[in-house]
Amino acid sequence: MRFRITEYFVPAILVTLTLVFLTFFLVLPLVTIFVEAFSKGYQAYLNAFNEEYAMSAIYLTIFTAAIAVPVNTIFGVAAAWCITKYRFWGRNVLITIIDLPFAISPVIAGLIFVLAFGKHSGFGGWFVDHNIEIIFAVPGIVLATVFVTFPFVARELIPLMQEQGSLEEEAAVSLGASGWQTFWRITLPNIKWGLIYGIILCNARAMGEFGAVSVVSGNIRGETNTLPLYIETLYASYATVPAFAMATLLAALGLITLVIKTAVEWKIKYDRSKG
Amino acid sequence: MVLPGFRITLGFTLTYTALIVLIPLSLLVWHASHLTAADFFKTVGNPQVVASYKLTFTASFLAALTNAVFGFIAAWALVRYRFPGRKILDSIIDIPFAIPTAVSGIALTTICADSGWVGGLAKAYGIKLVEFAERYRLDFFDVPLLDKVDGLRIAYTPLGVYTALVFIGLPFVVRTLQPAITDFDKEIEEAAHSLGANRFQTFWRIIFPSLVPALVTGFVLAFARALGEYGSVIFIAGNIPFETEITSQLIYTQLEELNYPKATAIALVMLVASFTCMFAINMIQWYSARYSK
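Note that the protein sequences, when read in sequence, are chains V and A. In this text, residue positions in the first sequence follow the numbering used here: the first is 2, and each later residue adds one. In this text, residue positions in the second sequence follow the numbering used here: the first is 4, and each later residue adds one.
This is chain A alone, in the form it adopts within the complex (with noise of 0.2 Å):
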């Protein structure tokens, strides 16, 4: 039985996805293909855009990282225990996808800058800790981003720019979970249980082995997002070259001043980059699909 509408669906799909999607996206490819082999890497290997990359690469994998220990423990937490406040924090997980960059952006910015709640504490302890470091004479107050005066500094440093990306990442990992959290067949927890293994072995050996999948889906699905977040990292990184400027943004600064060969070769690495993020998550969902049957 064949239902109608078929070609009329199929038709308009492909047409509207051509022109809003396809096209413009193989223009910028175009507009690469007009740059020469030289001006290309010359372009992309840049220092100041070697350091965007080193900024990008590294803050994105730790927010990633953060998020998939923290974001295990959140999930695991709001599936298996009863708690105050357990639906309110379930639906405010959304949080980052539902608030606008921008907005999150200026919010994280005053939390985190010298008169803000968490920048105000991170000033305060960040001098005790010196003090200490100096005064037992423990050589570790030469740790970048701790400073005698200003003590750890979070807002307009690299640690601002991670703090923004283990925001926008959260929820990434936390709803992956949860569904394969909830969808664990507790028969086989109870198995494990009666043929005498404690708590910690069932869950190091039999629950959590099952979860990976899901939990490397939500780590490559939030470092994807962090690789090309823009909107939320901006006002908290301050954007000084070399130390805080992400690619995104060095990418905006050469569209401003209307360098497109730059921007467009710049832009192709960082989509060969999200596109490796994709192919990834579709072979570790393929995989797992194939191996749990």
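Same shape as in the complex, but just chain V (with noise of 0.2 Å):
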């Protein structure tokens, strides 16, 4: 028997590329998290929680992500809905819009709402007047959530709506049931694991969004310091355990969507092998 080197030797090789830089790349980064914010021991990394700005940055996040998450959400239905169900003039160009805020920079989101609601523009201008606190405040870093969490429910829904097709809602709907109906009892069982799928990853980049906020926020300690910020402005005053300790709880967020995340797609798939 002749010794092929394509059947052996090549796969080795890919395998052991595959390994090497995924490890470099993914697994280094994630275990340096969790061995940094404990390099000084246990006791060190629990007093990293105990700082009122510690607390405030972890409830701002929780606050951001409670309201942006929702929100998109709602509306990442009701565009799959009329996207998927409808044909219409601009259709197309609808989807492309929906896809905006991933195309652009974290940093330029930051600023179209610094631009929009800054004293310098005339709508900006009003709020100031009427003492209404937008930009480097709260509502300024839900905004920024907001724009860069937009599609990612509509952009879960959109594909698989479309692949489900409304065969099953007409059918309902000729049957005499409601459009609310047809959606809580036929659309939405259909739907569901896609749009938690959505939701954990909405909800996953609300609490770890960085660029945009930083943006928008003016990193007011105790007052517009998410998570993420809170992070920066520790590691910048050289205290690395209690930024990697907060780092770990983003971390452990991460990892929890990328749980859920598998667990839903096995589900996808299991349930499309049923039929």
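If you're looking for bench data, these hints aren't it; they were derived computationally from the structure. Worth double-checking, as some hints may not be accurate.
Unchecked claim - Among chain A residues calculated to face chain V with C-beta under 8 Å, some are:
hint	residue
1	V24
2	F44
3	L92
4	I102
5	L111
6	G231
7	Y255
Stated by the list, open to error - Quick list of in silico lysine-lysine cross-link-like pairs, DSS-like style, CA-CA up to 25 Å:
hint	chain 1	residue 1	chain 2	residue 2
8	A	K90	V	K270
9	V	K268	A	K90
10	V	K262	V	K275
11	A	K90	V	K275
12	A	K45	A	K57
13	A	K45	V	K270
14	V	K120	V	K268
15	V	K262	A	K57
16	V	K275	A	K189
17	V	K193	V	K120
All figures in this text were calculated on a predicted structure; none of them were measured in a lab. From the three backbone atoms N, C-alpha and C, an ideal C-beta is built for every residue, glycine too.
Dock the two chains into a complex; use the hints.
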């Protein structure tokens, strides 16, 4: 029997390269976060959370996501419904526009809200005159987060609902169901896994957004510091252990997101194979 | 049969999209239109700004290219071969998406700094390389980034910017290629085999050409993301003007100095670059959809 170099040698090389490349770029950074966080021991790690600023940063992060995620979820479902269930003029343009925030640098995303609500624009001047703070305050952070997480749910749902078609919904409506009943009883159960997936991705980004939020926040400790901004402040002041301790929270959130994502993909595959 | 809800869902979608995306974005263009052409070109052609474009575009291009090569290998190995740890690796490909950029930024900086795992190795072997070159009178120790005292420096050099951009772009290439490799029709491959092609010929002539659209799409996606990337880069870059300052950082600095017209002008240049990438991706997809039929 002749030894085929391509059959054993090539796969071995390719697998080795993959392992080395992915270990260096994915595993190492992840491990570093936890190693650094616990490098001065368990107590030092816990002390990082015993800060007033840490708590206010965690609170603001959750607050921001609690607004951005539901709002963008409602939008995502509405957008996916009108885009996939009907044909209308400008439909493809709308799909492209929904994707826009993905193509825009986070710094520019922050910039457009500074321009819109800063005191130099006529619009922003009105808010300044009425003592309503938007930029360098919490509303600005929420707006910037809503902008960067805008496409997530819609993007997950559009291809899914496109693929499923509208036959089931049409059957429901022709049997006398109302629009709401059709949505709750037919569409929602069909799209629930994709929806969950979109929501967790949206949430991970909402809690982790740095660039856009950094531009609009003004970095006021205890007031406009979200978790990623607080991490930057700590790291810049050489407080490495607290910085990485905070980072473990976001890294854990990211890992949970990946686990749910894998589970959802598995579930979708399973449902499909079942028919 | 028309389903109910068209007017309300479309109305809501359009209003919300206009409020969150279109109006703020058009304000950027409106603000930029207040600049005179002379001011605009003076700002975007400023040497420090031009240096930042060079760094941003070069590092983004090289990072996307690296991802195209290694991402292809990784996607291929993950789909075609069975090896221990495959499933775990497959599910952690999305780490750069899932972990906030600020977090990956400080992690990458720690790894690549002199005292870090990779930075330490690069320092030790970099010094050895320079010594070796000197001993045998090979004149390459003048290479930028290679230093007699510090060895090969990654953090706070353009190499650091490149490293962060490879990290952030990796999932784009792998995730675009994986479905294309999975969907490739095995029968075509078997047909090529039975007609006498060897494995290499089958790959190079039959499989690879059909994967090119996905590969190019992944490349452009990674490149576009790298152009606008901020959080994961600024920590490892060190932001030295003319050396390691990316364009996003420059926009940020202008904003901090309340220099809104300048920030707007530079942002407009980057926006045009991003939209060109988006347009390119749409063209590739349109072309490959038409071509494959």
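Hints, verified against the model:
no. : hint              : in the structure
1   : V24               : holds, 6 Å
2   : F44               : violated, 20 Å
3   : L92               : holds, 5 Å
4   : I102              : holds, 4 Å
5   : L111              : holds, 6 Å
6   : G231              : holds, 3 Å
7   : Y255              : holds, 5 Å
8   : A:K90 <-> V:K270  : holds, 15 Å
9   : V:K268 <-> A:K90  : holds, 16 Å
10  : V:K262 <-> V:K275 : holds, 20 Å
11  : A:K90 <-> V:K275  : holds, 22 Å
12  : A:K45 <-> A:K57   : holds, 17 Å
13  : A:K45 <-> V:K270  : violated, 55 Å
14  : V:K120 <-> V:K268 : violated, 50 Å
15  : V:K262 <-> A:K57  : violated, 37 Å
16  : V:K275 <-> A:K189 : holds, 24 Å
17  : V:K193 <-> V:K120 : violated, 43 Å
The structure fails hints 2, 13, 14, 15 and 17 (numbered hints given earlier, in ascending order).
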